[in-house]
Structures are given as C-alpha cells and as structure tokens.
Amino acid sequence: MQLVIREANEGPFLSQVLRFGRDNERLSPQQLAAIKGKAVLMSLKFADKYYNKYKMHLLEQAAHDVIGVVSLGLQELSQRDTAKALALLQAPEGPIKPFQKGWSMLISVSPKQTGNSLYGDVDARLLDKISSPPDVEEWQGWQEYEKALAEHNKTRLMGLLDSHFFAYDNDHPTMEDKLAEALLYRLLCGEGDGAAKIKVKQDLKRRLSRDIALKDEWYSKDYIAAQLERLLAELPLDMAAALRQELSPGFVPNLLHSLSFVRQYQQLQRENASPEKLDNMEMRAGLRHPLLGWPLYHDF
2 MQLVIREANE
12 GPFLSQVLRF
22 GRDNERLSPQ
32 QLAAIKGKAV
42 LMSLKFADKY
52 YNKYKMHLLE
62 QAAHDVIGVV
72 SLGLQELSQR
82 DTAKALALLQ
92 APEGPIKPFQ
102 KGWSMLISVS
112 PKQTGNSLYG
122 DVDARLLDKI
132 SSPPDVEEWQ
142 GWQEYEKALA
152 EHNKTRLMGL
162 LDSHFFAYDN
172 DHPTMEDKLA
182 EALLYRLLCG
192 EGDGAAKIKV
202 KQDLKRRLSR
212 DIALKDEWYS
222 KDYIAAQLER
232 LLAELPLDMA
242 AALRQELSPG
252 FVPNLLHSLS
262 FVRQYQQLQR
272 ENASPEKLDN
282 MEMRAGLRHP
292 LLGWPLYHDF
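The numbers in the sequence shown follow my numbering, run straight up by one, and end at 301.
Any given hint could be a false lead.
As the list claims (entries may be wrong) - Simulated restraints, written as ranges between beta carbons of each label pair: (1) Lys148 with Lys37: 50 to 60 angstroms; (2) Ile199 with Asp239: 45 to 55 angstroms; (3) Ala151 with Ala234: 18 to 28 angstroms.
To be verified - Mimicking SDA-like on lysine to any residue, the simulated pairs with C-alpha atoms at most 20 angstroms apart in a straight line are: (4) Lys202 with Met176; (5) Lys198 with Lys155; (6) Lys202 with Asp172; (7) Lys155 with Ala241.
Honestly, the hints are just simulated from the structure, not real lab data. Cβ coordinates follow ideal geometry from the N, Cα and C atoms, glycine included.
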C-alpha cells in the first residue's frame, strides 16, 4: 500500500496530514512507517472481507477504500485541523479510529438497501465516491459525503412530514409542497387554528362545499406566517430549522394567493357547478399562478 504525500491541500486528507507532519518535523520516519503498516493491515483485512486479497487489483482497490474512509473520519474527528488529525494518527491505534468513524458516517447516510450491498450497510456507489488513490490531485470525498448527508436529511424530513401531518400517501415532490398542504388543511379544517392536531385527509374539497366557513382574518400574510410558526413548533427543533431553509421567500404570499382561489372555488361549489367546470377553473388558476398547498387529488 502506497501512501503518497502530496502538496498542501492536495490529495486525500490523510495525505495532507502526513505531509503536514513531515514538513513540520512532527512525524518521525518510525511513526510514518507505523502508520503505513497499520494501513496496510487494514487494507488486507478490508480486501479479505469484501474483495479478494490474492488479486492485486482488488487489493489496490481495498487500499484506496481505506484511504478514503480514513480521510473522511479523520477530517470529521479533527474538524479539519491538521495538527489534531496528526495526533490522532500518532495514537497507538493509528488510523483505525478514523476509519471506524468514517465507516459509521457512511452507514448513517447510506440509503436503505433495496438489494444486497457488497459492503453491508454502506452504499456501494457512495463508497466508490469516497474511495481515493493516494496520489489523486483532488479528493472529493468530503463533498460527496456532504451531498449524501443532505439527501439523507431530506429523505428523513420528508418522511417526518408524511407521518406527522398526513393520513394518506401523497406524492408531493418537495418539502415546501407538503408543508403548504398541511398548513392549508389545518387552516381550513381546523377553523383557522394552525395548531389543531389533525392530519390531512383527501376530503378538503368535499368539506369546503359543505361545512367550512372562510374568515376574513385568515387573509393576511401575518396571520398565515403565525400559523406556519405554530405548525413548525410541533416538529423537532433541528427539523423545523431545516424546513425553514427549504421555504422560498414566496411561501406565505403564495399560500395567501391559494386562499383567494379557495374563496372562488367555494363560490362555484355553492352555485352547483359541475365537476368539469370546477376542474377547468382549478387548471386555469394553476396555470396562471401555482396554487401552493392546494390538494392534488380529485374528489367528486
């Protein structure tokens, strides 16, 4: 296994740390040899578990994987402080602890496996992006991990919105769409009380024609913004903060626009308009201006 020491800020983080230690005379040849020796043993064990240690190209791949995973864990444990990272490598366990940290990070952000992954709970495509030859000029492993983390958090948040606010499976493509329908439903079916603990059902259009009385006080950006905060208060703080990041500046104004449409839609219902006429009105209104929060289902 070759551990190449590249220029500053080049190559995997492990290589950067070793260069820092060498250039600042903080890493003796004996210490470097010990780190390399442990890395070689780790690569052999990795190849034995997941590949074939008797095939040279697979042994090299295992070494690349170990370098990438160690770099990931080392950067996280040290918060990219090369001096702290070097101290971790010089500890008796050497690169083992950073590898374990990096591997657990990959497990935490790997999507649930639909089939059998070669690496157990770690997604094979993600590991491939983290893996790095020691002499690569630019290691993108950390950026790939951050992308996977963002996607994992998004999936987790979408699931939380579904379980907390919806009583049916919905196909909203974004978190903003999900939250908008939940807020509009709470507003209309909870008589304006955004904190009412009711879940969204596929009955809004039917209830709108039968027993929902629209109130003038709802038609205010400040009122809608206040109801939004009450809704978000039901979620864990970190989730609520992530949702706020996803909301566009036009979220509240667009919901206010949808409420104006609701008034027109209800009036047509009371005039006994046909389902086709209601459908056409809905389609035309949506083409002119997206009806944020308006349900996607058809309920005749």
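Those earlier numbered hints the structure runs against, lowest number first
1, 2, 5
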